[in-house]
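Chain order of the listed sequences is X and A.
Using our numbering, read the first sequence as starting at 1 and increasing by one per residue.
Using our numbering, read the second sequence as starting at 245 and increasing by one per residue.
Calculated directly from the structure, the hints in this document are not laboratory data.
Keep in mind that this is a model prediction, so the values were computed, not measured.
A few of these clues could be false.
Claimed, not checked - Partial chain A-side listing against chain X, Cβ under 7 Å, derived:
id	residue
1	GLU285
2	ILE323
3	VAL395
4	GLU427
5	SER466
6	LEU470
7	SER479
8	PRO483
Built from N, CA and C at the ideal position, the CB exists for glycine as well.
Protein chains: 2
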Amino acid sequence: MANPTAAFLVIGDEILSGRTRDKNIGFLADQLCAAAIDLKEVRVVDDDHHNILRAVRELSARWDHVFSSGGIGPTHDDITADAMAAAFEVAIDVRDDARALLEAYTGRNGGELNDARLRMARIPDGALLIDNPVSVAPGFTIENVHVMAGVPAVFQAMVSSVLPGLTGGVPLLSRTLRIDRPEGEIAGPLGEVAARHAKVSIGSYPFILQGRFGANIVFRCSDRTLLEAAVFDLSALFPEAREL
Amino acid sequence: MANPTAAFLVIGDEILSGRTRDKNIGFLADQLCAAAIDLKEVRVVDDDHHNILRAVRELSARWDHVFSSGGIGPTHDDITADAMAAAFEVAIDVRDDARALLEAYTGRNGGELNDARLRMARIPDGALLIDNPVSVAPGFTIENVHVMAGVPAVFQAMVSSVLPGLTGGVPLLSRTLRIDRPEGEIAGPLGEVAARHAKVSIGSYPFILQGRFGANIVFRCSDRTLLEAAVFDLSALFPEAREL
Numbered sequence: 001m002a003n004p005t006a007a008f009l010v011i012g013d014e015i016l017s018g019r020t021r022d023k024n025i026g027f028l029a030d031q032l033c034a035a036a037i038d039l040k041e042v043r044v045v046d047d048d049h050h051n052i053l054r055a056v057r058e059l060s061a062r063w064d065h066v067f068s069s070g071g072i073g074p075t076h077d078d079i080t081a082d083a084m085a086a087a088f089e090v091a092i093d094v095r096d097d098a099r100a101l102l103e104a105y106t107g108r109n110g111g112e113l114n115d116a117r118l119r120m121a122r123i124p125d126g127a128l129l130i131d132n133p134v135s136v137a138p139g140f141t142i143e144n145v146h147v148m149a150g151v152p153a154v155f156q157a158m159v160s161s162v163l164p165g166l167t168g169g170v171p172l173l174s175r176t177l178r179i180d181r182p183e184g185e186i187a188g189p190l191g192e193v194a195a196r197h198a199k200v201s202i203g204s205y206p207f208i209l210q211g212r213f214g215a216n217i218v219f220r221c222s223d224r225t226l227l228e229a230a231v232f233d234l235s236a237l238f239p240e241a242r243e244l
Numbered sequence: 245m246a247n248p249t250a251a252f253l254v255i256g257d258e259i260l261s262g263r264t265r266d267k268n269i270g271f272l273a274d275q276l277c278a279a280a281i282d283l284k285e286v287r288v289v290d291d292d293h294h295n296i297l298r299a300v301r302e303l304s305a306r307w308d309h310v311f312s313s314g315g316i317g318p319t320h321d322d323i324t325a326d327a328m329a330a331a332f333e334v335a336i337d338v339r340d341d342a343r344a345l346l347e348a349y350t351g352r353n354g355g356e357l358n359d360a361r362l363r364m365a366r367i368p369d370g371a372l373l374i375d376n377p378v379s380v381a382p383g384f385t386i387e388n389v390h391v392m393a394g395v396p397a398v399f400q401a402m403v404s405s406v407l408p409g410l411t412g413g414v415p416l417l418s419r420t421l422r423i424d425r426p427e428g429e430i431a432g433p434l435g436e437v438a439a440r441h442a443k444v445s446i447g448s449y450p451f452i453l454q455g456r457f458g459a460n461i462v463f464r465c466s467d468r469t470l471l472e473a474a475v476f477d478l479s480a481l482f483p484e485a486r487e488l
């Protein structure tokens, strides 16, 4: 059976403007790989209601899970929760359980549960809260969409709250051979190896290191015997290949 | 007049599997910002013909320019050129000008123009070549899509080949105030400032630094007077705000 699939929707002008370098894509990719959930697509969209809504609907229909980051804070440009409610055509309002979390937290920290902070207790009808051990304001899961914060520390904590509840597939095993030759010299024999081992996913990722060309050949398969056979086959053709 | 818009399509299993951390999104975002072309969307898709084709068609129809990276090398998993030809329903074959470039390069470097390398001279009908000063194998522009390599050094060189030929808009001016308070205390007054300065784009980007909460407030506008007025307005409300 095929692994569950997922998409990641990054909501944030700051990535698109170049102001902030994304740190969440790589983290989520690693976590999903370890959970044997196949990340199939990433989208970054700006803080625009209709662009968010359209992306959520498309991704939610296409893949088993959608993870989103960004836009669930207290400021005027935090519009993700409303866009999610609109995407699934449900109402949204301050919810008692989320409000109680924020009340307890601001009380402990001497802050005030003002209108801005109360915005973070607005949860679409029918959603499940996602625990936020860093700064309390919760994320939520609506349908197959897990809505999380964009600040990396909070995002990572929320991913850790969500992932154990999801069912993964069969983990892929992976091996990598580095060959210090231009891809153009590797490609012919590699194509024949790939054709002979059709059940093994084989990717070639070229690099330039100190002016010299090379490629990392990545073999992936859930069956160890098939994987080893493909690696053995290519190694015989390129004796200089080194395992990474 | 609004600035031209753009999308970036990253083609590559290696980003989705977590094996490789993306380096091209931030670079392109910076370059487009400087050229006053608004990056509106990024997508990362896997090395799948239909997923590439669908994404190219959607993005090409929606935005003024599409930049793509990845999948134009010599190996069996380099399928981007064919997907682009299919997306625009044109034929694709080895083209003489691209072949001549590769022949001259492999000749100079003592290599052989084998079948694998010749794959890199396959160019969709009607496309314009994009210069590759790093490793010669060209990218190409078809319709409004600029198809480039994924290796960062080559990607960057190709972006530099393409950008001077595109018409940008009016550069956005930008100022950033850092306020060392939780966003929940900033959000109310900030929302009022944003409402009073509707022509200035104001974003709040929270951070956690050594366990303390703060936010960078980014003001963007093409008109300096409007920009300064909004910054002045918020500074008066938060005297501790520091310019970044």
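Checked hints:
1. Because the closest C-beta pair between GLU285 (chain A) and chain X is about 6 Å apart, less than 7 Å, the hint holds.
2. Taking 7 Å as the C-beta contact cut-off toward chain X, the hint placing ILE323 (chain A) at the interface is violated, the least distance being around 11 Å.
3. About 6 Å separates the beta-carbon of VAL395 (chain A) from the nearest beta-carbon of chain X, less than 7 Å, and the hint is met.
4. At about 5 Å, the closest approach between the beta carbon of GLU427 (chain A) and any beta carbon in chain X falls short of 7 Å, and the interface hint on this residue holds.
5. Given hint, SER466 (chain A) at the interface with chain X, is violated; its Cβ is 14 Å from that chain's nearest Cβ, farther than 7 Å.
6. A distance limit of 7 Å between C-beta atoms decides the matter here; for LEU470 (chain A) the minimum to chain X is near 17 Å, and the interface restraint is violated.
7. Restraint check, SER479 (chain A) versus chain X: the minimum CB separation of about 17 Å is more than 7 Å; hint violated.
8. Using the Cβ-Cβ criterion of 7 Å, the hint placing PRO483 (chain A) at the interface with chain X is not satisfied: the shortest such distance is roughly 19 Å.
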